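Number of protein chains: 2
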Amino acid sequence: VKIGVLGTGGVGQALAGKLAEQGHDVVVGTRDPKATLAKADKDGMGNAPYKDWAAAHPRVALKTYREAAAHGEIVVNATSGHASLEALRLAGEAALGGKVLLDIANPLDFSKGMPPSLSVSNTDSLGEQIQKAFPAAKVVKTLNTCNAVLMVNPGALAGGDHTMFVCGNDRAAKDRTTELLKGFGWKHIIDLGDITNARGTEMLLPIWIRLMGTLQTAMFNFKIVK
Amino acid sequence: VKIGVLGTGGVGQALAGKLAEQGHDVVVGTRDPKATLAKADKDGMGNAPYKDWAAAHPRVALKTYREAAAHGEIVVNATSGHASLEALRLAGEAALGGKVLLDIANPLDFSKGMPPSLSVSNTDSLGEQIQKAFPAAKVVKTLNTCNAVLMVNPGALAGGDHTMFVCGNDRAAKDRTTELLKGFGWKHIIDLGDITNARGTEMLLPIWIRLMGTLQTAMFNFKIVK
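Residue numbers (my numbering), protein chains in the order written: chain A, 363 to 588; chain B, 363 to 588.
Calculated from the structure, these hints are not laboratory results.
Any given hint could be a false lead.
Because identical chains share one entry, a pair is satisfied inside a single copy or across any pair of copies.
[Unchecked claim] Once the Cα atoms are required to be at most 20 Å apart in a straight line, the calculated DMTMM-like pairs of lysine to aspartate or glutamate come out as:
#1 K364 - D537
#2 K588 - D523
#3 K549 - D523
#4 K544 - E448
#5 K380 - E435
Since the model is a prediction, treat every value here as computed from it, not as a measurement.
Start from the sequences, fold in the hints, and give me the full structure.
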């Protein structure tokens, strides 16, 4: 499957790497490919520069947001939440329309110090804002509730005995997403309903961040026990 | 131990009933005991009128918020979140000062329809508002992330293999709370730190409410898998 992954950070790398490994035809998108490849330093999250990752993944091309989105039958928003709407605008409605758009970003606001708050929450969500801005895209919110390693390899924790959520307005888009998630190893997937449920999953981030501090690891996840 | 439980709804009944069963000396508090005992109808959540519960629990007295709080070495805020600050004001700072104050309420706002949003969240929390309003109380936020049955009987789900959170500014108050929780059967208790972490646990409610709809039961809980 042709997939465009928007975002070159740890999350974008994890998704693009796993999808390419599974035989998908992956193009990663960024604002300015030359600038991204010129960066020599680690990013703010401690990830190695993208060019190192790219050298290890020669089959994954780096193009503009627009080119990567146009390439994909499925498009993954793996940009930082604060930059997502702008990145998607650069991708353009024409390149997103009719596509399954996996939104795995979180609207974290680091501007008021640590731990971050959410820039949108409670009565709205980033997932809804994206769906509203790109009504022809089939937005599915998922994978935003655990770290990048677990997103694509849930079996690395407790044999995969923990939970992933999906929500979105389009049934077929959610089915396709669920298929991808199962391919990653997700066993417990809960469909919460329409995209307004992104409020619920994005609002998991405040406790996720606090738990990362308390547990001193990002290798944990929520399991819904029922 | 002398315990005052503020609130006569399903949560107050569950807590007061369990604590009395464990041999504690429990007084339940309400705004107007005569009015509470005069109610003959089920409440908005479908709970039987308090007088039926009271008849089945003759050792638990019903008094005013102030009397119940004054009675307790430990005070439990089991009122509705939207009414908590007012109930605690009626209890009075003198009756709360120096006490362990378990805050198990959630700031649910039903005024904009279902599902409810939170009346405070993200950059503040009900737990913090209570601590700020009653600085001499030792507020511990806990038990707000599951239904009333599981609060006092976690073993009723998956043998208790799920998680409870505590947070608060006073170490000894959290230790005492943890002791009570263990007495209820809680095995996995995570101390998130100070009372600002109530933002994290209260923000679990939006997904909790959505999961209750999706799963068609309130008998579920979060487990932190690590």
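Original post:
Within a copy, between copies, both or neither: where do K544 and E448 come within 20 Å Cα-Cα?
Top reply: neither (30 Å within a copy, 49 Å between copies)
**OP:** Please work out whether the CA atoms of K588 and D523 approach to 20 Å or closer within one copy, between two copies, in both situations, or in neither?
**Re:** both (13 Å within a copy, 10 Å between copies)
Original post:
Under a CA distance limit of 20 Å, which applies to K364 and D537: within one copy, between copies, both, or neither?
Top reply: For K364 and D537, only the intra-copy Cα distance (17 Å) is at most 20 Å; the inter-copy one is 54 Å.
Subject >> Intra/inter-copy verdict for K549 and D523 if alpha-carbon distance must be at most 20 Å >> reply: both (7 Å within a copy, 19 Å between copies)
Original post:
For the identical chains here, do K380 and E435 meet the 20 Å Cα criterion within one copy, between copies, both, or neither?
Top reply: within (17 Å within a copy, 56 Å between copies)
Against the hints set out earlier in the document, a violation occurs for number 4 only.
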